[in-house]
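Here are the chains, one letter per residue:
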Amino acid sequence: MLDLHALDLARLQFAFTVSFHILFPAITIGLASFLLVLEALWLKTDNNVYRDLYHFWSKVFAVNFGMGVVSGLVMAYEFGTNWSGFSAFAGSVTGPLLTYEVLTAFFLEAGFLGVMLFGWHRVGRRLHLFATAMVACGTLMSTFWILASNSWMQTPQGFEVVDGRVVPLDWLAIIFNPSFPFRLAHMAIAAFVATSFFVGASGAWHLLRGNDTPAVRKMFSMALWMALIVAPVQAFVGDAHGLNTLKYQPAKIAAIEGHWENLDDKPSPLVLVGLPDMDAEKTRYAVEIPYLGSLILTHSLTQQIPALKSFPKEDRPNSTIIFWSFRVMAGLGILMILVGLAGLVLRRNGRVYTTRWFQRLVLCMGPSGLVAMLAGWITTEVGRQPWVVYGQMRTADAVAHHSVMQMSISLGLFVVIYFTVFGVGIRYMMALVRKGPQAELDQPASGGPGQQQTPSRPLSATFNSAPEQP
Amino acid sequence: MELQGIDLSVVWAVIIAFGVMMYVVMDGFVLGMGILSPLVRSEQERDVMMRTVAPVWDGNETWLVLCGAALYGAFPLAYSIILQALYLPLILMLCGLIFRGVAFEFRFIASPQKRHLWGAAFVAGSLLATFCQGLVIGTYVAGIHVCNGEFAGGPLDWLAPFPIFCGFGLIVAYALLGSTWLVIKSEGALEGLARQFCPPLAALLVAIVVVICIATPMLHPEIANRWFDHSHQVIFALLVLVALGALTGLMRGLRRRHTYAPFFCTLLLMLVGFVSLASTLWPAIVPPHVTLWDAASPPQSQRFILVGTLFILPLILLYTGWGYYVFRGKVSHEGYEQ
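These protein sequences, in sequence, are chains F and Z. Quick note on numbering: full-length UniProt numbering labels position 261 of the first sequence as 261, and the sequence is numbered without any gaps. Quick note on numbering: full-length UniProt numbering labels position 56 of the second sequence as 56, and the sequence is numbered without any gaps.
Among the clues, some could well be false.
Unchecked claim - Derived lysine to any residue pairs resembling SDA-like cross-links, with alpha carbons at most 25 Å apart:
id: 1; chain 1: F; residue 1: 313; chain 2: F; residue 2: 324
id: 2; chain 1: F; residue 1: 309; chain 2: F; residue 2: 321
id: 3; chain 1: F; residue 1: 218; chain 2: F; residue 2: 43
id: 4; chain 1: Z; residue 1: 114; chain 2: F; residue 2: 417
id: 5; chain 1: Z; residue 1: 330; chain 2: F; residue 2: 120
id: 6; chain 1: Z; residue 1: 114; chain 2: F; residue 2: 416
id: 7; chain 1: Z; residue 1: 114; chain 2: F; residue 2: 420
id: 8; chain 1: Z; residue 1: 330; chain 2: F; residue 2: 123
id: 9; chain 1: F; residue 1: 247; chain 2: F; residue 2: 208
id: 10; chain 1: Z; residue 1: 114; chain 2: F; residue 2: 413
id: 11; chain 1: Z; residue 1: 114; chain 2: F; residue 2: 418
id: 12; chain 1: F; residue 1: 435; chain 2: Z; residue 2: 115
Bear in mind the hints are in silico, worked out from the structure with no lab data behind them. Keep in mind that this is a model prediction, so the values were computed, not measured.
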């Protein structure tokens, strides 16, 4: 038996439920904006390819959104059930931010999703576009608030602690805390990157199967343009975020780099690969490049980067994990930039629609955006340990006092339920993607008069067109 | 926590109470569909039952998120104590709601062979979520053991006769809400069946409420003192009168085949129950001893969210109402009639 304490189980449970959850909102954020662009282009150009793509992707969107709703409900309660020390301490800041997210984002999305999915014939074209815009706006609003809350926990400011509780002093300082702009940009772009590779891989799959229709070409092309733009921008934003972390959370940077100590005045090397060992206080099998650490992080050849040994042992984040999670994220990021560039090169003479190796590559890269995003979150969250509110409250003091038995029951339940329920949901989503965009000859079926229709949201928007399940 | 003569904690308690009431009523009849669906014979009728609530279920569930978030923001201490005390019932409720939410929708997508599985998940999820909500209310009323601002009870405090009885009671209450909702939204044989469900459910609910009224003052001397205090007896007498009125209205509405009266009389009945609960516990937010003011977040926090809430909540009510308006009318096998 593993010797797991209630604290480890609570962390495991939070990591599991939040990792599963974040996949759905990330695709929701990206697809909502994609759908808005598609509908706006359709209204502008009257080209029905955009309309067909809108109907196709809105079905995938509906399934994805439903799973985001139910997995998100769990998150809103987990702060209290599992982290009562934290919510009693910092609820005066994170609670109001969450409340604003519910008020400005969740209700907005729920309110306009119905019209977006089923109102095609019930409202005018412009009102329908407005509904899509409101849903897209809601997803970004949600990103804004939850990232404000998370960033405040990473770089807290604008408060004082009175009688062991946080008292907010300046809400603007709390929301616009030092890491917030970087984190918000990095996460919103991550959602766009993840979605563009998801959409691109769907296009590649259809092209490889010989389903070479104008709609498939269009979505493949749009996804590649998007990847070409957002992947390099993400690298730039990520670099800026890293410098911000260097300033506010130097221990995290030291752990990411697996860098243990600085010698005299020598510049710091970059450890390319290796295995940081927290007990031995060194990075085994390290392959180093001299000067590069200083060059990348301080943009100079003389300054040193922070070293783990300069922090007390109990304040060090786990370097073994985040050394590698960071490299997975950065490596995938570079790969995604290269795919975008390859697409640009192949675009000449339209070879991008016929080059099979490239399509296979894009297909394999389908989940890369999501994987990179999870790796990034692991880096930033494990990297801020042992703190839950950086420098203010340790994770060990935040946890609710439950027995190992209770924690094991709930963790087991979540693991079983998430894998079965969301496993089935993701399979439905993939089945919808396999079906591909359909050219509509006359009027689209959804919501049409005389149609047997399920006027529901969000998942059963897929009712009419869902393929048979095995 | 006074601000220009307004007590922010009281305002927030009222807003959260309003949110809980919205959730109980709106998700109450949705969960009621799940509870009633095994009592209906044909798959087609089950489809209709689900379609009556399909357009609104996720908006309704958002009220539960709002309650959690607002409690977290305005009374963080209460949030941390209550959620910790009710750990297992709440986790089970969330699991139930996951199954209810997706089953509901997957059922329409699934292949004919797998449909009944999602139908069963819908029923089980609804029953589990409802029963756990009853457990939560029962445990809450019975009181949570708190020491120095921290939960000091055991992990299984909710496993007691009173909470379990409340769990069954809530199933009956939601079933009644569901069947009166179905009277509004369905037609033909299903509507007839829904009407038949109402009188026995109402009778059962009355019996349950009587038992709860006898048991509640025995939970705490504080509650007994309050109930038998003269100033409160007037309020309780009024509440009993309103409840009797609502009950009469419900039965008369059913006899005269009114469409809307049974549902709104049941709503009134739920409201009476809710108000008597609130006046029994007031001003405790973690019964019996932690008050609103003990658990309140700093006025800076309460004020910050209040500004937004006062602007946004009316808007939310507006477009929620619009959603119900868009999908108004009876639901047949063919979907919504215009």
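TODO: Provide an ascending list of the numbers of those earlier hints which the structure does not satisfy.
DONE: Failing hint: just 9.
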